[in-house]
Each structure stands twice: as structure tokens, then as C-alpha cells.
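In this note's numbering, the protein residues as written are 10 to 319.
Calculated from the structure, these hints are not laboratory results. Note that this is a predicted model, so its numbers are computed, not measured. Some hints here could point you the wrong way.
Keeping only pairs whose Cα atoms sit at most 27 Å apart, straight-line, the calculated BS3-like set for lysine-lysine is [what the hints assert, rightly or not]:
hint, residue 1, residue 2
1, 117, 140
2, 117, 95
3, 86, 117
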Amino acid sequence: MRAVYLTPHSTFPSVFPSNTLFGAICTGLFDLDYDLDDLIERYPEDPAFILSSAFPYLNAGGAIHHLLPSPLLPPPKIRLEEDFDKAKAFKKVRYIHEAVFHDLAGGKLQREDIIGDLDNYAVESGMLARKREYLPLDRAEMEIPHNRINRITSESEEFYHTYGSIFRRGGRYFLIRFYDRAWEAPVEAALRLLEDRGVGPRTSGGQGQFSLSFGEMEIPEDAGAPYLMSLSRFAPESLAAFEGRVWYDLVSIRGRSGDGVMKKSVRMLSEGSVFANLHRPSYGTMATVRDSPRVVEYGMAFPVGIRWSG
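When you get a sec, could you build the whole thing from the sequences and use the hints?
Here's what the structure looks like:
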């Protein structure tokens, strides 16, 4: 699977979800004079490509270590009374090392196994890995002070703060799957343009700067698995189709268009959401958040197979 690596050179957005990534790529494509209307009209039935949200990665020992979202499933069955405290610690895990994820997704490992053997895992800042694979993510949250200036009087009115992350020995990566290879070169060109500009709302102040690189990552696609987990934010047409076999957290998305007009609020299932495999070619929708001019929010699932037995 094609992986895109964003290695920050300054403070970077703490989260970089799939809908924001898709919007940034579309902005780059528009500025490069590609036909966005033709691209958008292909979704959701015939997507040219789908992409995941951005997740942490580490560089160590000449290898790249990927972290993936922990599957959102019903609470695990606690086997022993002494495991309750371990279960509380496991509940705080947001990301898991790719080696653990592969075993979970393939059905070789259950969450109950991890909880019972948690002493042999490292858990830090919401991330989990086997101790032999553990490499701490060298990331710090940074508070950035700002001064608001009155444009009429040119006087300072108030201080405020924004937040970002500083990464060392790693950064963020996302996955992209092309169904139409004709869009591969344009998307790469759009990403190169973003590399030049930076990403996020504070690029004029030097934030969001990064270098771009590409690679390959093995993921458990497993089209025959009974369940799927989305590596992106996901806006299904209806939850009823899953007949209760869906587990998720909700994310509320709201923002402004470039001209300052508020977009409609939309809710999506978060990364890590698990749902029944309906054996469809694609899952998700493009939510219309403004009618005139039409503005959409990307809500396509990036599914990977999960062999879970409740």
C-alpha cells in the first residue's frame, strides 16, 4: 500500500484527519488547474482514490515503525479480577504498533490476550507496543503565544494561544489507494505543492512546514474478513445496513469556507470504527456542507479487514 510520509520541520497540526487531507489535496489540484468537478463527481460510487487519516510513525534502527488506531469494539471480557486495572490502562490506548495491529486484525491475538499479558507491553501517551518493539514517540505538545492587534488603532488588545506538536525521529504518515492510476501523478504534484507551502492554519508564521517522501506499507486488507475497520473518518449513508454490527465514536466537523461563510455541521465515525463487511466496492459518502457554491466534506472509509469474534 502506498504510504505518504510528512516529516515536520516546525510545529505541526496535532491531528490531521482524512477529510482535512482530502481538502488540502483538492486545493493543490485546483491551483494546478486540474478539473476538480470531474474528480468530486466520481464519489462515492467510483472514487479515483481513497486515503486514510494521518497517524504517527517513528524512525529507528534504520526502519520505519507505523502506529495505527486501536479498533473500537465492545468492551473486552475480563478473565481475571486482577486484570481490571490492566483493562483500565488498555482502555486509554489510542494507537497500537503495526506488529500488534497485524496480529489483532488477523485473529491471532485478542484484546483479552493483550490485557492479560500487559506487563510485556509498553503503554505510553495513548500508544501501545510490545516491549521488544517499543520506541518512544519523541513528540511534544507546544503552546504558541499570539498577540491580537486592533487594525484601526494598531494597539495590542489581547494575547491568545494555539497548540501544535513538535516531532523528532518521526512524524505523520497516511495511506492512499488509487483506483484510477491517471490521478496518481496529479495527486503527487498537489502534495509537492503542499510541501512547498506547508499545512494548517498558521503557515504564514512558519508552522506546518514538512518534507515529503513516499514508501510502501503492508496492511491487512483481507477482503474476506467478517468485519472492516476504517483508517479514515467515515460518513456512511445509513447505519441500518450494518444491522447493529457497527462500533464507533462520533466526530463532529464544522468550519468555514474560504469566504468566511459557515459550513453545515456534519458527524462522522472516527478512525478505528469497526463495521460488518457488506462486501461492497466502497463505503461512505461525500457530505454536502454548503449548497451554493457546492462544498463537500470527504467521508469515504479506508477499510482494512478485521477478524474479531465477540
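Verification of the supplied hints:
no., hint, in the structure
1, 117 - 140, "holds, 18 Å"
2, 117 - 95, "holds, 20 Å"
3, 86 - 117, "holds, 17 Å"
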